[in-house]
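First to last, the sequence lines map onto chains E and L. Sequential numbering from 707 applies to the first sequence in the numbering used here. Sequential numbering from 484 applies to the second sequence in the numbering used here.
Possibly wrong hints are sitting among the right ones.
For lysine to any residue, the following SDA-like pairs were computed, each having C-alpha atoms within a straight-line distance of at most 25 Å [said to hold, decoys possible]: (1) E:K773 - L:E807; (2) L:K651 - E:V811; (3) E:K916 - L:H641; (4) E:K987 - L:G716; (5) L:K593 - E:K916; (6) L:K651 - E:I780; (7) L:K651 - E:K916; (8) E:K773 - L:N566; (9) L:K651 - E:D750; (10) L:K514 - E:K764; (11) E:K764 - L:V649; (12) L:K651 - E:P754; (13) E:K916 - L:A808; (14) L:K651 - E:G796; (15) E:K773 - L:G716.
A short list of chain E residues far from chain L (calculated; beta carbon distances all over 10 Å) [stated by the list, open to error]: (16) Q850; (17) D886; (18) D888; (19) R918; (20) I1042.
Don't read these hints as lab results, they were simulated from the structure. Model, not experiment: these values are computed from the prediction. Think of the CB as a built atom: it goes at the ideal place given N, C-alpha and C, for glycine as much as any other residue.
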Amino acid sequence: MSEAMMDTRPAAVKPKQATILEAINAALADAMADDDTVLVLGEDVADPEEGGVVGVTKGLSTRFGDKRVRSTPIAEQAIIGAAIGASLVGYKPVAEIMLMNFTTVAMDMIVNHAAKLRYMSGGQTHVPIVIRTMTGTGMSSGGQHSDYLEAWFAHTAGMKVVAPSNPADAYGLMRAAIDDPDPVLFIENLPNYWLKGDAAEAGHVVPLGKARIAQDGRDITIVSYSRTLTETLSALKAIEQAGISAEIIDLRTLSPWDEDTVLASVAKTGRLLVAHEAVEKHGLGAEIAAVASNRLFGKLKAPVARLGAPYTPVPFSKSLEDAYAPNAKRIAETVIAICKQQD
Amino acid sequence: MADNLGPDGETLLGIYRRAALLKANDERSRKVITTGRLMMPYYSYRGQEIIPSALCASLTDEDYLVTIYRGIHDMLAKGMPLNDLWAEIAGRTGGTCKGKGGPMHLTYPKKGIMVTTGIVGSSMPIANGLAWGAQLSGDGRVAVATFGDGASNIGAFHEALNLAAVWKLPVVFVCQNNLYGEHTTYEKATAAKRVADRAVSYDIPGVRVDGNDPVEMYRASREAVDRARAGEGPTLIEAMTFRFHGHVFGDADGYMDKAQKAAAVAADPVPRLRARLIAEGIADEARLTAIEAEIDAAIDAAVEHALASPLPGLAELTTDVYGEAA
Ligand SMILES: Cc1ncc(C[n+]2csc(CCOP(=O)(O)OP(=O)(O)O)c2C)c(N)n1
Ligand SMILES: [Mg+2]
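Next comes chain L alone, as it looks inside the complex (with noise of 0.2 Å):
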């Protein structure tokens, strides 16, 4: 590259390393649905692997991350620990959340992973919450907020970027396009025709990039995530992509447009970054074996430590409703 913005090739290695584990994960998860083994609401995020695989290469276990619904490849990218989220999502135990949270609402502060919201849009709020708190305490954190395109449309969205721009707060807003909202089109929904043009009407950056590039995610995230620790304030960034599977496991997806969905499947971008490793000679068909292969045993230790974890005993119903007052 003639730059030094990167990505270099450990970087990249290090963006296919997520993006492989979070592929091998939502296979896995549909998989253990399917087969009656687990049941739960799953949104699948198949196919926009490479945001999050990229974006959390500029993030460090300090930075805040607030996620949604369709956010389990957020928080893997983002460092959970496969055998806390398996046993949350199974509602078990050993759990993240003890049980409690569930697929929709994990939580794993220990690596920044700080709210999970089922509310589309609610994730802004609170992610300026956050980056309020790191500015108050000057010590250089990042609040990153996922949401997607038809959270662009909420109320929340335009609160919570004005406030940020105001504020100059350190926090990067970063909207996933999959294309569509549930079962309704970008289009039909949405009267911009970017979402990153909204940030001109908060004066803030606003980026679109391929998120299923490595390179354009690697750069925007960095350049995001370097002007918000620089205290230079709040970035939009617009990340095309694209849901291969209908809006919540189990949706026939019959309101999507099929060629548009096979041309999606047929540029898969985890196969993509793959080939381009071995065709750059950053890795080579060995190495990366290796590393799907472990990363699969992960996955298969995970959900069976999972299934074989006790339900939480009923004690539990009432307790982390309050907290003890000093």
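With the rest of the complex left out, here is chain E (with noise of 0.2 Å):
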């Protein structure tokens, strides 16, 4: 049998299908099983608690015990600190902090200490936690329960931001986040827990700083993560109307990230554009936008550009709530408004 021959058998069975919130659930399960140091504690986690509130730890503590999956106290300082010093001593603690915007309350525990212990110490400690927490808009939440926080992450040296957008990815980055060895804060976006794609496979890694290029183009580069690559994708119907191919890169790893891929794009299709549902200003669009037009300054075609949500607290009623994130509609249209610039 040739190998053309092979190439052509018959259309395999689709991949098995998984949630975002299952990939994460299987991807901690498995790490459990393969790594005894492996241990789980956040508020309601264990499963007399529900497995969490949305369910992400969900069988957790029946097959690992309550004594590797702990439901903590309300208390953000007391579940890093705990996941802090079980780190220092051979365990790697998966805090979880329900929402994003409590972690303000415990950023004492993530700023100066789980990310500069190391650096403090000359190498002597270090800090392989990985601190879980979602967020998003698209639920109602208002101001306090919905924030995108990475920049504040990202701008803390020390630290490293992930943040999955489908299952797969889901599942290889929270394996290669808690075999990492320093502090890894994982961004998980609500409403896409229900999104459904390709099942990642046992056992999958997918290495941090790595960015994956989501849809080849030549015309514009989007980077974007999260939500927001999901938003990207959606807007590529009416991109491609518009007689424009976009390269989408999904960054995957906010911090460290992958220049290596963004820069090779932009300087492919001269154009950028970096979306994100954060607040646009000092966000981390800055950053990268900064260090494209810094390198690819004279081979740009149009200055770089970012679209975020706007300088404001993220808002309760509807029609300010989907006028705040950008979506499909936006992104699409500041697409078309930078390819259709003149150089």
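Need the complex rebuilt from these two chains, each delivered in its own frame; the hints are there to steer you.
Next up, the structure:
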């Protein structure tokens, strides 16, 4: 049998499908099964408390015991402190901070301690923890339950920041984050938990710091992540209808971000839009835009552009909330406007 | 002593050895700054030496310690070598943190000194995690968090005591109540009459002891450490003491009550223990003088070693931010 024939075997069974929620649950379960030092802690994470408010950790305490999977008091400093301490003596804790806005009350533990102990100890200690947290607009949760605060953490040397946009990456990034020797903030988008996609095979690892080209294109590079990446993919049809070929990069790891992949793409397309749900001003887009403008000055066909939320808290009312985060329509309009600019 | 809780004579002498080292090291630190040989933020612990000296008599090298900016006494008592310490506070390559931590962030895992924090209250939540690790491993280790009276007013204290209690963690919380938080008196800042009383809210033992009395401090520590090791959960110890100097080196301490300070200095706990050892026949003058001379020589050597050590090369600036992914 020739190799060509082998390639034409009947369209393989479609890979198993999973939601992002199921993928994260599977990654945690597989990591705990593979490595006794992996622990899970957070508010309501154990099964008597229903495995988390949306069930991401369901089944883990039943399977791995309530010593390794512990529901905690509502005490975010205590949660991260416990994770840090256990990580200093050989454990790999995965701490859940229910919503990203609640990281604010644990910032001392995260920023002053988790991120800095390796450096301040001259490498004698390190903090291999994962902090899982969910967020996102679209649930009518208003000003204190929906923020994307990734720029704060990306701005903190010693932290890594990850934000998957599909089930396979969610699985693979979680496996990489748990085995990473440093603290990783793992951002989960709330409305996207139920997004379906190909399930990862057990043990699939997505290395931190590597972006994924979600769509090849020639005319413009769109860098995005998390829910906004989903919106960008939805914008593709309108972009193509305008005669534009867009290259879409799913950043996946926000810090350290994959400069090589982004710069190679922008060098090719000559145009860049960075789109994210976080407030545009002082956001992650500013960093990426600055690096791209600096490194590719003279090769760009249009000014580098950013698209993010307005400089306001997240509003409650549906009409306002819908206008807050960049959606497919606004992304498409922005891309078309950039590509229409004359050089 | 009527019971067998001790300390016996050997233990008391061990406590004195540590206390004499801590006192001499503090005096030298201030001198080295005053004479301009070294510049660093320095939080003198003079007057508080007995607390860690007695506490550490019940700890092993494997037990964990998380201490604070005013914590060099805790570290030395736990066994941090003088050379590593001095090179670190001088910011030199041979320092325990390669000169990247400094006097507020000394770390020495070989003796269980896992974290030193410059943030008020933050020693406690992390000590819980170390204790959780010990509880999971079943290795019998105990974690100790030290902190000041002012730290008992910050949220982390309350979060940590509550978690330690509900998880029954092998942890001992040692509050060194020196009656001041920076420039503010205990009474002005703290609603509870005694920090120890706050343990009631968490249904754990809370004891106030004279932290300057080696016997009281030893017994309270030993009981708390034994309890933790036996899996019976956390204890809060409030060790009463006094800070002989201003909050930080260079602070003229004008806010401190002169008479209160004079009385505390007159009752200096380190010479008091020394006199007691002689009075009780545990050690004679010659033996103690020899111990002190040995300490002075070791500090001399450590200071000279530190100041002769090179400053870190600039490659150190950007290393140890991240490790290598496996
Ligand atoms: C969270 C925080 N707030 C304020 C400070 C500044 N500060 C450093 S030490 C200190 C006083 C703490 O008093 P106490 O807990 O009694 O400890 P002591 O210094 O007396 O040993 C303050 C306010 C700090 N380091 N961290
Ligand atoms: Mg104080």
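Here's how the hints hold up against the structure:
Under the criterion of a C-alpha separation no larger than 25 Å, the hint pairing E:K773 with L:E807 is inconsistent with the structure, at around 29 Å. Between L:K651 and E:V811, the direct Cα distance comes to roughly 24 Å. Compliance with the 25 Å bound is thereby established for this hinted pair. A C-alpha spacing of about 41 Å is found between E:K916 and L:H641, which places the hinted pair above 25 Å, so the restraint is violated. Among the hinted pairs, E:K987 with L:G716 is inconsistent with the structure: their alpha-carbon atoms are about 48 Å apart, more than 25 Å.
Under the criterion of a C-alpha separation no larger than 25 Å, the hint pairing L:K593 with E:K916 is inconsistent with the structure, at around 36 Å. Taking the CA atoms of L:K651 and E:I780, the gap is near 17 Å; set against the 25 Å cutoff, the hint holds. A threshold of 25 Å between alpha carbons decides the hint, and for L:K651 with E:K916 the separation of about 42 Å lies outside it, so the pair is violated. A C-alpha spacing of about 40 Å is found between E:K773 and L:N566, which places the hinted pair above 25 Å, so the restraint is violated.
The hinted pair formed by L:K651 and E:D750 meets the criterion: a straight-line CA distance of about 19 Å does not exceed 25 Å. A hinted pair counts as satisfied when its Cα atoms are at most 25 Å apart, and L:K514 with E:K764 does not qualify at roughly 60 Å. Of the supplied pair hints, the one linking E:K764 and L:V649 holds, its CA atoms being roughly 22 Å apart against a limit of 25 Å. Proximity of L:K651 to E:P754 is assessed by CA-CA distance (about 19 Å); at most 25 Å being required, the pair is judged to hold.
At roughly 13 Å between alpha-carbon atoms, E:K916 and L:A808 fall within 25 Å of each other, so this suggested pair holds. For the suggested pair L:K651 and E:G796, the alpha carbons sit about 20 Å apart, so the restraint of at most 25 Å is met. A threshold of 25 Å between alpha carbons decides the hint, and for E:K773 with L:G716 the separation of about 16 Å falls inside it, so the pair holds. Under the 10 Å C-beta cut-off, the non-interface status given to E:Q850 relative to chain L holds; the minimum distance is some 18 Å.
Its beta-carbon lying about 6 Å from the closest one in chain L, E:D886 breaks the requirement of being farther than 10 Å from that chain. Not every C-beta of chain L lies more than 10 Å from that of E:D888, the closest at about 5 Å, which undercuts listing it as non-interface. Separation of E:R918 from chain L is adequate, the least Cβ-Cβ distance of about 18 Å exceeding the 10 Å criterion. A cut-off of 10 Å between C-beta atoms confirms that E:I1042 is not in contact with chain L; the least separation is 39 Å.
In this structure, the hints that do not hold are numbers 1, 3, 4, 5, 7, 8, 10, 17 and 18, in rising order.
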